[in-house]
Amino acid sequence: MKIVVTVKQVPDPNSVTVLEADNTLARDKEVVLDPGDECGIEEGLQLKEAHGGEVVLVSMGPERAKDAIRKGLSMGADRGVLISDAQLAGADALLTARALAAAIKPEAPDLVICGTESYDGSTGVVPAMLAELLGIAQLTVAKKVEVDGSTIRIHRQTADGYQVVEAATPVLITVTAGIAEPRYASLKGIMAARSKEIKQIGLGDLGVDRGEPAETIEGLTQAEARKAGVIIQDDGTAVDRILQVLTEAKAI
Amino acid sequence: MAKIWVYAELNQGKLQPTALELMAKARELGDVEAIALGAGARAAAATLGKHGAKVVYVNEDASFDDFLAEPAADALEALHKEHSPDLMLFGFTTDSRDVAGRLAARLGVGLISNAGDVVSKDGAFVAHVPYFGGTKVASMRADKKPAIILIRPKSFEASETGGTPEIKDVDAALGAGSKRAHITERVVEASEKVKLEDAKVVIAGGRGMGGPDNFPLLEALAGALGGAVGASRAVVDAGWVPYSMQVGQTGKSVRPGVYIAVGISGAMQHTVGMKASKIIIAINKDAEAPIMKMADLGVVGDAMKIVPALTAAVKAKKG
Ligand SMILES: Cc1cc2nc3c(=O)[nH]c(=O)nc-3n(C[C@H](O)[C@H](O)[C@H](O)COP(=O)(O)OP(=O)(O)OC[C@H]3O[C@@H](n4cnc5c(N)ncnc54)[C@H](O)[C@@H]3O)c2cc1C
Ligand SMILES: Nc1ncnc2c1ncn2[C@@H]1O[C@H](COP(=O)(O)O)[C@@H](O)[C@H]1O
Numbered sequence: 001m002k003i004v005v006t007v008k009q010v011p012d013p014n015s016v017t018v019l020e021a022d023n024t025l026a027r028d029k030e031v032v033l034d035p036g037d038e039c040g041i042e043e044g045l046q047l048k049e050a051h052g053g054e055v056v057l058v059s060m061g062p063e064r065a066k067d068a069i070r071k072g073l074s075m076g077a078d079r080g081v082l083i084s085d086a087q088l089a090g091a092d093a094l095l096t097a098r099a100l101a102a103a104i105k106p107e108a109p110d111l112v113i114c115g116t117e118s119y120d121g122s123t124g125v126v127p128a129m130l131a132e133l134l135g136i137a138q139l140t141v142a143k144k145v146e147v148d149g150s151t152i153r154i155h156r157q158t159a160d161g162y163q164v165v166e167a168a169t170p171v172l173i174t175v176t177a178g179i180a181e182p183r184y185a186s187l188k189g190i191m192a193a194r195s196k197e198i199k200q201i202g203l204g205d206l207g208v209d210r211g212e213p214a215e216t217i218e219g220l221t222q223a224e225a226r227k228a229g230v231i232i233q234d235d236g237t238a239v240d241r242i243l244q245v246l247t248e249a250k251a252i
Numbered sequence: 253m254a255k256i257w258v259y260a261e262l263n264q265g266k267l268q269p270t271a272l273e274l275m276a277k278a279r280e281l282g283d284v285e286a287i288a289l290g291a292g293a294r295a296a297a298a299t300l301g302k303h304g305a306k307v308v309y310v311n312e313d314a315s316f317d318d319f320l321a322e323p324a325a326d327a328l329e330a331l332h333k334e335h336s337p338d339l340m341l342f343g344f345t346t347d348s349r350d351v352a353g354r355l356a357a358r359l360g361v362g363l364i365s366n367a368g369d370v371v372s373k374d375g376a377f378v379a380h381v382p383y384f385g386g387t388k389v390a391s392m393r394a395d396k397k398p399a400i401i402l403i404r405p406k407s408f409e410a411s412e413t414g415g416t417p418e419i420k421d422v423d424a425a426l427g428a429g430s431k432r433a434h435i436t437e438r439v440v441e442a443s444e445k446v447k448l449e450d451a452k453v454v455i456a457g458g459r460g461m462g463g464p465d466n467f468p469l470l471e472a473l474a475g476a477l478g479g480a481v482g483a484s485r486a487v488v489d490a491g492w493v494p495y496s497m498q499v500g501q502t503g504k505s506v507r508p509g510v511y512i513a514v515g516i517s518g519a520m521q522h523t524v525g526m527k528a529s530k531i532i533i534a535i536n537k538d539a540e541a542p543i544m545k546m547a548d549l550g551v552v553g554d555a556m557k558i559v560p561a562l563t564a565a566v567k568a569k570k571g
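Those protein sequences? They're chains P and H, same order as listed. When you line the first sequence up against my numbering, it's residues 1 to 252, in that order. When you line the second sequence up against my numbering, it's residues 253 to 571, in that order.
There's no promise every hint is true.
Said to hold, decoys possible - DSSO-like, lysine-lysine: derived pairs with alpha carbons at most 30 Å apart:
1) Lys105(P) - Lys396(H)
2) Lys447(H) - Lys396(H)
3) Lys557(H) - Lys537(H)
4) Lys250(P) - Lys537(H)
5) Lys373(H) - Lys557(H)
6) Lys431(H) - Lys105(P)
7) Lys557(H) - Lys250(P)
8) Lys406(H) - Lys396(H)
As the list claims (entries may be wrong) - The following label-pair restraints were derived from C-beta to C-beta distances:
9) Lys545(H) - Ser186(P): 40 to 46 Å
10) Thr151(P) - Ala314(H): 17 to 23 Å
11) Glu218(P) - Glu418(H): 34 to 40 Å
12) Ala89(P) - Lys420(H): 29 to 35 Å
13) Ala314(H) - Gly204(P): 43 to 49 Å
14) Glu218(P) - Lys545(H): 24 to 30 Å
15) Ser150(P) - Ala539(H): 53 to 59 Å
16) Lys105(P) - Ser411(H): 45 to 51 Å
17) Lys250(P) - Ala428(H): 41 to 47 Å
18) Tyr184(P) - Asp374(H): 49 to 55 Å
19) Gly463(H) - Arg194(P): 35 to 41 Å
20) Ser186(P) - Ala410(H): 51 to 57 Å
21) Lys569(H) - Gly189(P): 57 to 63 Å
22) Lys570(H) - Val164(P): 40 to 46 Å
Claimed, not checked - Residues from chain H shown here face chain P by an in silico Cβ test under 7 Å; the list is partial:
23) Gly353
24) Val361
25) Gly362
26) Ser365
27) Thr387
28) Met392
29) Arg393
30) Asp489
31) Tyr495
32) Gly509
33) Met556
34) Ile558
35) Leu562
Since the hints were derived computationally from the structure, they do not count as laboratory data. Remember, it's a predicted structure, so these values are computed and weren't measured experimentally. Glycine included, every Cβ here is placed at the ideal spot set by N, Cα and C.
One chain only, chain P, in its complex shape (with noise of 0.2 Å):
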């Protein structure tokens, strides 16, 4: 089974970020493979495990991605794909999608895993626009996935449950973050990670033009910060005074 895993690369969740003068976010910041996408990674690997076949990452992102793809080599992935074009600073839900179409239809995938939701991105669209791009099926929200012969089946996450559903290959699935816990990479994994392939190209050679953007920014403003309220310290008071707000607000 050929199985393509989109990765993006991220500002580190876990670094604090600031905003510059222009609204960008500040470019020195540390950045890191999407959490998200390391339990698409690990999902991918998991799959070639059990039925055999490769597993190639495809980002779209500045040069520096290639570190994101770089880690999730060492996790165990074959190759790399980055899409890597001046053109595509700021590039918006459907220019990602589109650039990340043309990268991924020459490999003709039997699988494409996608995270639900990019951590800075967050619009949780590229997946489904990405499907249709590349005419196949989706199944998103998947907390399992099963391969049975050529039907993928997978536990799609529901507010009060999950719903089983199926469709043949090929199909583009996004997988939630509970879906595997992603395996560190071993020394081993590194070491080999330096000589496999990123194949590095630029929109002219997928013959994607920028086009106009869908949308434009006009403006930022501050969002409407609740009121600090009071804070206290467990002196064993504490009790009481959560009883007296919850009187207040008349939920007893």
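Keeping the supplied structure of chain P fixed, place chain H with the ligands upon it in accordance with the hints.
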């Protein structure tokens, strides 16, 4: 007048509450029409009419219930071709997101996701989207027609205006080509006593609860207060509690009278789902946790001690 469409999501015959919230907003923006697909569409149309839809396009074909995204995207594409609306509003739910994403790519128009509001400005639609960890709000103008905007549940309050819609049958020629992602089974895991979304009091637990074995402490408190128990994603991902309990960006949005966050740090992805609560109480070991800065009452202390004591005190007070 701008033509505003609301995609009225149905789930096994039931109109989803977000559809009616979107109706309230749509009425401010122009002439409202709604699209209802699948079982229950006709009954839903009457309700949508009461909430201001002048026209409701319906089709009760079982494919809309049995297959993900594609049949609905097909129907919307066909309808769009015929009627070319200015704006299509969807709820930011997993089902609607799947449909809207496919449709936007097919029409080549893009979309704005995860918005908290939308206004009309100089003939264009501008969505307000949380940005930079929720500390800022970006005003994003949709530059294509139709504008497609996905709005978080509970962003608006539904209200009836009265009215009877014109019901139009959608003639959706659904080819086998779009019946691909087949729902073969539906499993219900959660049988909540009080629905999380509707509860007057929500007690939510995070990683600070230490483990799944301590969640009954929260259930006891919820029982005493007649509330429901929620959770952070960290503990859902860890498998301590089911996803149905998750509050936040990728979980449920709630706006109860009182929200008690226990052992939850208050990451933006969590608070976006609960910050509209009337009163927020936080119990956390760490006085510096972000949740403390937004709580009406922040209690610095050990949840394992405070929660049982609080439950006992609530019971005593109620007598
Ligand atoms: C795309 C995306 C979507 C997401 N969606 C969601 C979502 O929908 N909902 C959500 O919740 N998260 C979501 N997250 C995750 C979110 O960023 C946080 O990681 C998560 O909310 C943290 O959960 P937590 O507060 O339980 O854990 P932590 O951040 O680990 O906080 C635990 C807290 O418990 C306190 N504590 C420890 N022991 C005790 C004790 N004995 N008594 C009292 N306090 C104690 C600690 O001081 C700490 O503040 C999302 C993340 C991403 C990237
Ligand atoms: N620039 C990108 N490169 C590779 N994959 C991406 C990119 N943007 C989004 N994705 C994939 O799409 C998923 C959802 O992202 P989003 O729609 O931005 O929330 C991510 O988890 C990735 O798997």
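Indices of hints not satisfied (ascending): 2, 5, 12, 17, 33
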